[in-house]
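Chemist: Dock chain S against chain W, hints included.
Here the protein sequences line up with chains W and S, keeping their order.
Okay, so the first sequence: first residue is 1 according to this note's numbering, each after it adds one.
Okay, so the second sequence: first residue is 1 according to this note's numbering, each after it adds one.
Please keep in mind that the hints were generated in silico from the structure rather than gathered at the bench.
Because the structure is a prediction, the values reported are computed rather than measured.
Each hint should be verified, as a subset may be incorrect.
[Claimed, not checked] For lysine-lysine, the following DSSO-like pairs were computed, each having C-alpha atoms within a straight-line distance of at most 27 Å:
no.	chain 1	residue 1	chain 2	residue 2
1	W	Lys2	S	Lys435
2	W	Lys272	W	Lys262
3	W	Lys116	W	Lys366
4	W	Lys106	S	Lys221
5	W	Lys106	S	Lys416
6	S	Lys435	W	Lys4
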Amino acid sequence: MKNKVMTVVFFGVLAAGMVVNLVTPDRSISRAERRELAQAPQIDRELLLSGEGGQRIEEYLLDQFWQRELFRGIKVGFDRFALQKSDSGGLYRVGDYLFQMEYPLKEESITKVADKIKSIEQLYLAECRSKAIAVIPDKSHYLPPEDAHLSLSYQAMEQLLRKELPEMEYLPLEGLLQLSDYYRTDLHWKQEELPAVAEAIWTQFERSFDAGIWEGLQANTYQPFYGAYYGQMGGMGDGDTLTWLTHPVIEKMQITDFDQMKKHTAIYDEQKLTSVDAYELFLSGNSPLIVIDNPACADESRLIVFRDSFASPLAPLLALNYSQVVLVDLRFMGYEVLGQFVDFTQSDVLFLYSQPVYNNADMLRKR
Amino acid sequence: MLFSSVSFLYYYLPILLIVYFIVPNRYKNAVLLIFSLFFYFFGESVYISILLISTVADYLHGLGIEAYRGTKVAKAILVSSVLINLGLLMLFKYSAFFVQNINALFHAQLPLLGLTLPLGISFYTFQTMSYTIDVYRGEVKAQRNFIDFAAYVTMFPQLVAGPIVRYCDIEPQLRADNRHNSGAAGAGRFDFDGFAWGVGRFMAGLGKKVILANSLGELSKLLYASAEPSVLLYWTAMAAFSLQIYFDFSGYSDMAVGLGRMLGFSFLENFNYPFIADSLTEFWRRWHISLGGWFRDYVYIPLGGSRGGLILRLRNILCVWMLTGFWHGACWNYVLWGLYFGVLLMLEKLFVGRALSRAPKLLRHFYTLLLLSFSFVIFGTEELPLLGMRLFGMFGFSAQGGALPLFNEFTFYHLKSSAWLLLLCVVLATPLPMKGYQALQGLCGRYRLSAVLLSAAELVLMLLLLIVCTAYIVDSSFNPFLYFRF
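Chain W on its own, in the form it takes in the complex (with noise of 0.2 Å):
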């Protein structure tokens, strides 16, 4: 009877888990994964024969199983739970908050930004009114010693850029933030949570403001906002809820990307917040080189900021006080080129990355 029941069952569950990946309609994205899903292939004769066939129809049939981030969620159980591994490919979860190992500290591609800086500063920075750098704290960072993992020493990090370029004001970011100003699921910090960093910054660049310079913000929210990390665990658990501030000045802002070539007045994107990842609604995402005006700025003013994704939340706030800001993500164009773009004369100047860009060098652009 047993036997019976056992072969019953294998074969029922086998022939159901086919019928129900046929009968389910293909989905085109996911948004926990933030990423695109396989669609179907063409089957036809070129396929065939090149050998690649069967892969591309797993992958095929991988990304559009039924209740795929439900098995997800189910593998990443049973690593923590049954397996009682500490992390689930080098993700980890404390409490609500999910957190990405960055271990060793390499003390070489540390060394390799400091020298791009060193390059951009001899090439371009000589008339510059001032300049400063500053790292942005990964939030493993603000977690108790006991709960962090394998993760970068801030302070290590900073001992060593301010040993590599002692002709650079050194900004410190870590005591200006907490955890809770980053999502839960995305490596990111909050926007609103920034007034507090932006006014260091402009304290660092001797930029005077009033205290009331943050009247009039609204907050805008957007629920739920899955992570980066949301997908790569599992999805399981709750988004998070992206806020974004709007404000009479920075609605009239106007933004040029270099990338697109165009001219526009949205510092937020709100149809990005439907897509794979919400995080663009800011600025549009990623992009080489962004120029933020803001025609209410009373003097001429220039911020330019050496940047990666963390500074597309930030900038708007930041171009509250400049007249203009210049965004540089050096991960997309080379430095080299820079100067037929950007007047550097008479403008701040700021390095501003994440602790995971210094230490890997190798995600900048070398020319």
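Modeler: Showing chain S alone in chain W's frame:
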């Protein structure tokens, strides 16, 4: 196609089972052949012609040997068969290796052919060679039915990664009436016991591969890639890799045996808890049994085996082990690996074996595991400079000179994080869980209620295992079996 894939589990297998059990016995081999060819084509659409050439060639050679039995023509046909099979292997698997080495040695400029390795070629060429040799020796009759023969060669459960099923072992089962699912359980009756046994075996293999071997693979890869090595890191990586190879390959063999049984075939076992061996000789009686048996019967014994003088015997051992190593891959580390075992097995036969038999069991076991440790490092490292670094690293020597730390934060974290996985794998590599299960069966069998509960628990466990394996598969990217490349 992989057993541990969505396409196999949720499409191929249910459709195959429906068709296979619906058709009358006389069509079962044809169904098996068609499905097996599709299985192969799905993963290897380009080189399916090589499989077909090998199949047709050995079918005709078998008939030729049978027709000219006892004459020199039969011998010539056998030689032709062996040359064709070895020629295919040489061309697709070893030509690049030889060209590269000749170019390096003689500063020549011989062009590389740029051929990729056809899936499973090492396995099916050995199977078909064993067939023609056995026909020549008169141990089996040539198969006249091409469908039956082709179904044997291409049989999907063992086609791409073994075990190497010899024709003589499976010949009676090639008649569908003789199989479990049609004959043994009574004519026309479905053998639920055999099928359920096959399901259990298949699921055990799937779990070994998908949950354990893949997790161990991630761990060893991560450790070996670390920029912060330590002595403990090299030992942990070695242990993870050794267990990965075992669970990967024995998992595949379990799935092959299980699938075979579902279809009514009985394949011979390929693994028998090799890590509990207390000598290297015993290890090889428990590890990849079908390959060891093949080399014994078709190379070692024809070379003279243990007959003749000591020198001849040692030559035969060394020859067999060098070939065994080379069979695993066209790289020097595999040759080195084969020679490593050849030399150690000779030493064990000549000197160590006697002393070893008198040593305490724990010491024997330690000796075996220690020597196996180094063998797995050799096996898993194709670049020779890297091999030196890993082996020296196990003894604390750094590649840059100087000493490595005993352990560091990175090693400690991963060892702690994977402690349960490693512990689970160590326990599952021994017969303890099976003995425990059998004891439980014996205990529960005394009372009807406990027997029913145990059966229900087995069923639930099987279902949970299927769900977890599916979860791992869905989460994974394309993840081929390690032995596919051999």
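Chemist: Confirm or reject each hint.
Modeler: Checked hints:
| no. | hint | result |
| --- | --- | --- |
| 1 | W/Lys2 - S/Lys435 | 21 Å, holds |
| 2 | W/Lys272 - W/Lys262 | 18 Å, holds |
| 3 | W/Lys116 - W/Lys366 | 9 Å, holds |
| 4 | W/Lys106 - S/Lys221 | 19 Å, holds |
| 5 | W/Lys106 - S/Lys416 | 23 Å, holds |
| 6 | S/Lys435 - W/Lys4 | 25 Å, holds |
Violation of the numbered hints given earlier is absent; every hint is satisfied by the structure.
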